[in-house]
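A.B. asks: These are the residues of each chain, in order.
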Amino acid sequence: MRDVAVVGAGMIDFGELFEQSFDDMAERAYLNALDDVDKGIDSEDIDAAWFGTLDIAENASSGLGLSHPTGLFEMPVTRVENACATGSTAFRSAVEAVRAGSADVALVLGAEKMRDSAGGLIEGASLEQVWRGRGVTMPAFFGLRATRHMEEYGTTREQVAEVSVKNHENGSKYPHAHYRFTCSVEDVVDSPQVTYPLNLYDCCPVTDGAAATVIVSEDVVEEYTDDPVWVAGSGLATDTVQRGADESLAGFPATQQAAEQAYEEADITADDIDVAEVHDCFTITELVTYEDLGFCEKGEGGAFVESGKPHLDGEKPVNPSGGLLAKGHPIGATGVAQVNEIYEQLRGEAGAVQVENDPEYGLQHNIGIGRDATGSVSCINVLSKDRP
Amino acid sequence: MYEPPFTRDRDANERLAARECDACGWVSFPEHREICKRCGSVGEWTDTELEERGTVQSYVVQQRLPDEFETPLPLAIMDVPQTSGGDPARVYGLFTETDPEHIDIGMEAEADFRRIFDVDGLPIHSFKFKRPRGDRL
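These protein sequences, in sequence, are chains H and V. Its first residue numbered 1, the first sequence is counted upward by one per residue in the UniProt record's numbering. Its first residue numbered 1, the second sequence is counted upward by one per residue in the UniProt record's numbering.
Careful: at least some of the hints might be erroneous.
Listed next, the stretches of chain V that the computed footprint assigns to chain H, with coverage defined by at least 3 CB atoms under 8 angstroms from CB atoms of chain H [claimed, not checked]:
id, region
1, 7-17
2, 38-50
3, 89-102
Sample of chain V residues facing chain H (criterion: CB under 10 angstroms; computed from the structure) [as the list claims (entries may be wrong)]:
id, residue
4, P72
5, L75
6, A111
7, F113
8, H125
9, S126
10, F127
Note that these hints are calculated values from the structure, not bench results. Keep in mind the model is a prediction, meaning the values are calculated, not measured. We treat Cβ as the ideally placed atom computed from N, Cα and C, and that holds for glycine.
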């Protein structure tokens, strides 16, 4: 199998982009990624593309959703959909194809129009299925983990809120973030209740966005950069709460399984990760993800965030970009943007949110939702500064 | 367009009918397929029924929902026992007539047969949960 490197990363400012169409966003993210390649790249160099979107606004139910805005025709384009892990799964799929030799240069593009329809995801709450989520919304699925985690491990409401404070602090320094305000623990616990125990500032915003990444094989990497970031490992796993495992009431076993795969492939442990972009659709999601990824012991997520370790200047910075809570969560774009942030961190090009521990390994993580099986899919990609 | 699922799931929705895996004891509810989600074995199942009560394993209280829902709406993950013993089924339970302050992990809840919603004018019936009458505060 060949080694694969990231050589270009582009995104657009995430936010309420009513003036931009799906194609506008995708085109700009693509052009930004091409511009980012150190030694330049022609669109003719691209052999194949992977396109991540849930197509919530119904723009693009095939690979054409990538081909049309980018002008990349007459080549294989694969549309990938994997719930909230769509972007990271598109990246993983492209990496596997380049590793296997079916392309030398591949484009990964993720995009989502989240704000074009007033109903949006809330309509999912009206799904008329008696035992499978009738009247059950996203904050409920994740709030159920928060209630249980607090009961089982003594995690405090304030510790859960600390995740929001940290990520908004980081997001206030990150130029592409949807929200760039800072807040205190009091602000979080006093913000309007959405679904007990989660309040408004525990929830990520509804955000439009697009991001693109260029990856190449070891055979051609020197044509594009002298400073590549390598793909060290990847994992993808599924699970369901319906199997009755108590573990899934206060965590996400799929993340544990995907992490195990990714660490094994990269031949590292959780201790080797220097910086991470993880799925923080809600505060509690990031808190239990510290545990699922092995950054701390099970039940210690609250103490971990309180200790300052995942802060920008801590020993294991998590979500330097502000995460989904501040940056936003345009589903298909989310994982791709996370890969891009890790790429910039490992190259030392992350500007105001650059971590200070001279990172060697960075991890990107998403979980996806299945109505009665919250976080039942997880995808993780590990990047490294040095060739694996 | 919604009728087939309700026809398929009618026994589960209206009688809490479930199936127990003969190999590992996992309760399939409301699915009716061959492969066990816990042990992976294929095939042997025993029909069983769930009790009209359960124990709260975790819960939330939803405050913001589309108009057709009553709010605040408590929702729990419940362990619901089989009438014949064995492992309980783990299900999502919508609550009704329950003060959000009076729901907690570990509490027992009773199931009440209710009209859950309408589809094109057709009523769909199933169970909602609430604090047992004797325990009302």
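A.B. asks: Classify the hint on L75 (chain V) as holds or violated, based on whether any CB of chain H lies nearer than 10 angstroms to its CB.
C.D. replies: holds, 6 angstroms
A.B. asks: Using 10 angstroms as the Cβ threshold, decide whether F113 (chain V) counts as touching chain H.
C.D. replies: violated, 12 angstroms
A.B. asks: Checking hints one by one. Is H125 (chain V) an interface residue toward chain H, by the C-beta closer than 10 angstroms rule?
C.D. replies: holds, 9 angstroms
A.B. asks: Against chain H, with CB atoms and a cut of 10 angstroms, does the hint on S126 (chain V) hold up?
C.D. replies: holds, 5 angstroms
A.B. asks: Tell me if A111 (chain V) is really an interface residue toward chain H, meaning its C-beta lies closer than 10 angstroms to one of theirs.
C.D. replies: violated, 12 angstroms
A.B. asks: Using the nearest Cβ pair, does P72 (chain V) come within less than 10 angstroms of chain H?
C.D. replies: holds, 8 angstroms
A.B. asks: Should the interface hint for F127 (chain V) be scored as holding, given a Cβ-Cβ cut-off of 10 angstroms against chain H?
C.D. replies: holds, 9 angstroms
A.B. asks: Would you check chain H against the region 38-50 of chain V, counting CB to CB pairs closer than 8 angstroms, and say if three or more residues qualify?
C.D. replies: violated (count 1)
A.B. asks: The region 89-102 of chain V covered by chain H? Criterion: 3 or more residues, Cβ-Cβ distance below 8 angstroms.
C.D. replies: Coverage by chain H holds for the region 89-102 of chain V (6 residues, Cβ < 8 angstroms).
A.B. asks: Using a Cβ cutoff of 8 angstroms, are there at least 3 residues of the region 7-17 of chain V near chain H, or does the coverage claim fail?
C.D. replies: holds (count 3)
Checked against the numbered hints given earlier, the structure breaks hints 2, 6 and 7 and satisfies all the rest.
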